[in-house]
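Peer 1: Sequence:
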Amino acid sequence: MIKFRIDVMSALRERGYTARMLLKEGVNSSTQDKLRNDGGVSFSTLSTLCKLLECNVEDLIEYIPD
Numbered sequence: 446m447i448k449f450r451i452d453v454m455s456a457l458r459e460r461g462y463t464a465r466m467l468l469k470e471g472v473n474s475s476t477q478d479k480l481r482n483d484g485g486v487s488f489s490t491l492s493t494l495c496k497l498l499e500c501n502v503e504d505l506i507e508y509i510p511d
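Position 48 of the sequence shown, counted from 1, bears residue number 493 in the numbering used here, the numbering being contiguous throughout.
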């Protein structure tokens, strides 16, 4: 299972991003809901999140064996 290491939406809020700003960056409201509920997101979204949070993908997600 792939799981987020951090609360992504909180991290984005701490950096000053609002829902509207995320929409402009290409993170639609459906994806924002998935991020709030620890749902799966695309590689494209992960790439955008890494850019916005100035981090690497391994800072955002981890693999947890079943």
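No lab work stands behind these hints, which were simulated from the structure alone.
Watch out, some of these pointers could steer you wrong.
With a straight-line Cα cutoff of 25 Å, these simulated BS3-like cross-link-like pairs (lysine-lysine) come out [claimed, not checked]:
{"#": "1", "residue 1": "K469", "residue 2": "K479"}
{"#": "2", "residue 1": "K479", "residue 2": "K448"}
{"#": "3", "residue 1": "K479", "residue 2": "K496"}
{"#": "4", "residue 1": "K448", "residue 2": "K496"}
{"#": "5", "residue 1": "K469", "residue 2": "K496"}
Cβ-Cβ distance ranges computed for the label pairs, FRET-style [claimed, not checked]:
{"#": "6", "residue 1": "S474", "residue 2": "D511", "range": "20 to 26 Å"}
{"#": "7", "residue 1": "S455", "residue 2": "G485", "range": "16 to 22 Å"}
{"#": "8", "residue 1": "L468", "residue 2": "P510", "range": "32 to 38 Å"}
{"#": "9", "residue 1": "K469", "residue 2": "D511", "range": "21 to 27 Å"}
{"#": "10", "residue 1": "K496", "residue 2": "S474", "range": "15 to 21 Å"}
{"#": "11", "residue 1": "D511", "residue 2": "G484", "range": "17 to 23 Å"}
{"#": "12", "residue 1": "N501", "residue 2": "R465", "range": "22 to 28 Å"}
{"#": "13", "residue 1": "E470", "residue 2": "E507", "range": "31 to 37 Å"}
{"#": "14", "residue 1": "Y508", "residue 2": "T463", "range": "16 to 22 Å"}
{"#": "15", "residue 1": "F449", "residue 2": "G471", "range": "16 to 22 Å"}
{"#": "16", "residue 1": "S455", "residue 2": "S492", "range": "15 to 21 Å"}
{"#": "17", "residue 1": "T463", "residue 2": "D511", "range": "18 to 24 Å"}
{"#": "18", "residue 1": "P510", "residue 2": "S474", "range": "18 to 24 Å"}
In this text, a Cβ means the ideal position worked out from N, Cα and C, and glycines have one as well.
Peer 1: Hints first: check each against the structure and report whether it holds.
Peer 2: Here is what the structure says about each hint:
no.: 1; hint: K469 - K479; result: 17 Å, holds
no.: 2; hint: K479 - K448; result: 12 Å, holds
no.: 3; hint: K479 - K496; result: 18 Å, holds
no.: 4; hint: K448 - K496; result: 19 Å, holds
no.: 5; hint: K469 - K496; result: 14 Å, holds
no.: 6; hint: S474 - D511: 20 to 26 Å; result: 31 Å, violated
no.: 7; hint: S455 - G485: 16 to 22 Å; result: 19 Å, holds
no.: 8; hint: L468 - P510: 32 to 38 Å; result: 35 Å, holds
no.: 9; hint: K469 - D511: 21 to 27 Å; result: 38 Å, violated
no.: 10; hint: K496 - S474: 15 to 21 Å; result: 19 Å, holds
no.: 11; hint: D511 - G484: 17 to 23 Å; result: 18 Å, holds
no.: 12; hint: N501 - R465: 22 to 28 Å; result: 26 Å, holds
no.: 13; hint: E470 - E507: 31 to 37 Å; result: 24 Å, violated
no.: 14; hint: Y508 - T463: 16 to 22 Å; result: 31 Å, violated
no.: 15; hint: F449 - G471: 16 to 22 Å; result: 19 Å, holds
no.: 16; hint: S455 - S492: 15 to 21 Å; result: 20 Å, holds
no.: 17; hint: T463 - D511: 18 to 24 Å; result: 36 Å, violated
no.: 18; hint: P510 - S474: 18 to 24 Å; result: 32 Å, violated
When the structure is compared with the earlier hints, violations turn up for hints 6, 9, 13, 14, 17, 18 and for no others.
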